[in-house]
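There are 4 protein chains.
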Amino acid sequence: MPAALVHNAYGKSQVRLTKVQRRPDRHDLIDWSIEVRLEGDFSAAFINGDNRHVVATDTMKNIVYALARDHDLAAPETFGLILGRHFLDSYPQVTSAGIYVTVQPWQRVDAAGQPLPHAFVAGPPGRQWRLAALTRKRAQVTAGIERLPLLKTADSAFRGFYRDNFTTLRETDDRIMATDLTAEWLYAGVEVNWDESYATVYRALIETFAGHRSLGVQQTLYAMGEAALAACPAVTEITLTMPNRHRILVDLSPFQRDNPNEVFVTTDEPFGTITGTLKRSG
Amino acid sequence: MPAALVHNAYGKSQVRLTKVQRRPDRHDLIDWSIEVRLEGDFSAAFINGDNRHVVATDTMKNIVYALARDHDLAAPETFGLILGRHFLDSYPQVTSAGIYVTVQPWQRVDAAGQPLPHAFVAGPPGRQWRLAALTRKRAQVTAGIERLPLLKTADSAFRGFYRDNFTTLRETDDRIMATDLTAEWLYAGVEVNWDESYATVYRALIETFAGHRSLGVQQTLYAMGEAALAACPAVTEITLTMPNRHRILVDLSPFQRDNPNEVFVTTDEPFGTITGTLKRSG
Amino acid sequence: MPAALVHNAYGKSQVRLTKVQRRPDRHDLIDWSIEVRLEGDFSAAFINGDNRHVVATDTMKNIVYALARDHDLAAPETFGLILGRHFLDSYPQVTSAGIYVTVQPWQRVDAAGQPLPHAFVAGPPGRQWRLAALTRKRAQVTAGIERLPLLKTADSAFRGFYRDNFTTLRETDDRIMATDLTAEWLYAGVEVNWDESYATVYRALIETFAGHRSLGVQQTLYAMGEAALAACPAVTEITLTMPNRHRILVDLSPFQRDNPNEVFVTTDEPFGTITGTLKRSG
Amino acid sequence: MPAALVHNAYGKSQVRLTKVQRRPDRHDLIDWSIEVRLEGDFSAAFINGDNRHVVATDTMKNIVYALARDHDLAAPETFGLILGRHFLDSYPQVTSAGIYVTVQPWQRVDAAGQPLPHAFVAGPPGRQWRLAALTRKRAQVTAGIERLPLLKTADSAFRGFYRDNFTTLRETDDRIMATDLTAEWLYAGVEVNWDESYATVYRALIETFAGHRSLGVQQTLYAMGEAALAACPAVTEITLTMPNRHRILVDLSPFQRDNPNEVFVTTDEPFGTITGTLKRSG
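Protein chains in written order, with this note's numbering: chain B, -9 to 272; chain U, -9 to 272; chain Z, -9 to 272; chain V, -9 to 272.
In isolation and in its complexed conformation, chain B is listed as follows (with noise of 0.2 Å):
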């Protein structure tokens, strides 16, 4: 029949790794959720169904635990690297494989001010994930932030923008800004300090939100992506999305009461999206 495969991958998704690193002084929490994709010499399988080049997914899964327990895990990305070398030098149908690690992020109770050795309570939010892509002959590492909360009530302007018969809303100096970020950068490379570079983008992305001026969200979500390749050399591009999550004033004015900027209506939806990518130049 007149049908093609253009295209296909398979793999396994949401195996969940807790692994304790017992350390002398601590114990080290790693609690990741990880998904491994395969593209290769698959196709008899979907036509034929002759799977003879087939990695069943269970074997995956088994894979993640069985290296889990092989290496110290330090950084995600390394781990990622590690497991998708493995897929190609084990099976020569693999093409590429892309290893995404989901963090759960916790951190050690302290009691009486000090970090506590085994005890922990969940991190804060935002779902940081890192994506290790391998062919046999390049690896790209990008890492990324899913949603997370920011919001200002100063600094915040929206004026001079287009107006039409549509158009009724008005101009402002002073709005709160809220989004809940998310933000994905690539690497030039692989001989990165992961754990720094991400902190350092992380940290680039908030402050440069909180302290920024703005006249809009494009130019705030330009500003961070500006201030991330900026503060971290290995990053080469970064995609920011910023979902504006409106608060409407509130007309008190029925009820015979003024509201000078301080009650708002939180609003889920409908939302503005803003997304734009910045890359490295010159």
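Possibly wrong hints are sitting among the right ones.
For chains that are exact copies, the list does not tell them apart, and a pair is met inside one copy or across any two.
To be verified - Result set (EDC-like, lysine to aspartate or glutamate): computed pairs, CA atoms no more than 20 Å apart in a straight line:
id, residue 1, residue 2
1, Lys127, Glu181
2, Lys269, Glu29
3, Lys269, Asp31
Simulated from the structure, these hints should not be mistaken for laboratory data.
Following the hints, put chains U, Z and V in place on chain B, whose structure we already have.
Below, chains U, Z and V alone, put in the same frame as chain B:
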């Protein structure tokens, strides 16, 4: 500073529209969530905070509701094309417009075997959506369904797969195959009977899943894609994604019971994921 | 220390059971999630860490799967009663057992108008559940549905309500009424035709919602409860909870358009919530 | 017809309030979601559709925003009591009012070690809430937290539990204990330093979880409740619910590897659930 804005887009998400179309003998109910996404000449807003070209996302929302009043809403595809053309026609700075419509399915309540004219109960699961993507030169429509649960208790084997030291999975001739089907398909052109085509693809997918003697998820996926292309000539390409919602046979031998393929643990994770894209050829 | 343990309970949640019951002409598919919850003489475990009376929740899980093998699974209510009696009969320290069964609805796939014997697609929304609560002296069964979307576009008014300085809502004779129905009902005794009773209550609720000339959600809720009690003599009490999923008429006058009750904003929040419990009397 | 309305209540849910309180040196940010729930003389609305006593839920929403303007919003408990009293004082038909406040936690962004005055990032997970429940005779405040992830990698055993033919779980002296803590506690009276009390209970719960040498979840739960009562004299009763977020040791022996309590599968289901209520006594 050495950064280039290599891509940008923005729009309004989750513009939720309910419309009641009052016919002589019944009400038709439309319940859609609409996303507008524009690309074009907007870089000044990002780089300089110059918003003169920016159509406020609030204005986009107004346009959705106003045009919903102007038009009889038949298929979501038709309204998507109307909206997309409006944005291209009204704003020279816009070079492409994407209108993404998610459909909340409702079905008429029956009483005494007859459909009632004004009352509705939620339709079947599986999130249905349509996307009209337009530039000044072309228009392209995609449709899809997300996470439709399907399950079969017979005609599913998995054997002959690759084995190595990390393989523990047993071969089987008789397993439960369960998935949450996600599919998207692209139409050739815009002169299509949208509702009929959607129903045809939907039926081809479900019936092929149900009737296929499966040697693996890959093979079933391919057969489903082939069937959809065969059933609906307007479709030029289809991508299917099928997580493998594993049912694990319970070992009841510690409790002095056999388990002749009857009692299973339903699992959500980890899960296999298989994806493939088929294109009409020849 | 001056603290008393005034209540305690424990159990296993989300024991997910799939069972295939192989009939001569077809397979029956069971897909339930089961929660076991025990009360009894367990305070030593809380106060002293003395676990001698504690039935491990892992053991509860084993029992669910083993008994699912032993019995033909008809209604979830029947299996709930079997499980509850097992816990009371096996463990003298248990004084009460609650078995909560959530039903994943599946329906057979049709091909050429005939139901297929082995293939299933997800059934309608609305989470269905049953609860069998047993002590050594009595057994009580409750059934329910959670969040079933219902909507009507006619026969819904809201007027004559209390007005004061904080009231801005207009009276209306013609609004959309939409809800996500949650209902739970209690049976008198355990000699009940479970599946038939469930279907009867379900139909009474939906048809009354659909056919009622509503003066308010409160009145419709009451009429639905009355109808359920009238339709199913085995039901002795019913509680309904109906959020008011408001559709807000869009003001299109800024865009030189009228809006004769046609175009609405669908809103998720805020929402009204109305709840009421009706008991059979007289 | 033979039905009696034995209970009813209604109100407005998810009234989402953002308030910016502008201090000389900083902005304070309030981000709450408020539910109002009234009981009283409303049966005529249910039985006859007579809405004369019905305060529209839209009016409740208006009251929340208007009173949010009138008052400096300190603790959510205080505003809950103000709102509850308003409903009782304004509407004679109301006999009880419950005001449930969910708190969206935000924390100030730090720059160079100093908190910024106008910028915020999401605070820690765990949904915090307060409930003020008032009648004309008394007022009662409850506070709680939902699903705060906690985990410890040492000091957790589970042995000496009941064994029978269905028991396969091994005893252990060294397991991971993980939970999503849900707690609610009741205050004696309303003359309480709300924020300080909340922080005291929160800290007592986390530190006791962290420091306890556990013989079982039941024992740890009890110790946490005892510690909360001991730390905060204003609390008279506390209920804790602790799901057991099992980590399952992976059997690596098929892959010729040992696993000295290092590599675990993180599981979401099934899970044990333990709950207990402690009351101050003596």
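Numbers of the earlier hints that this structure fails to satisfy, in rising order: none
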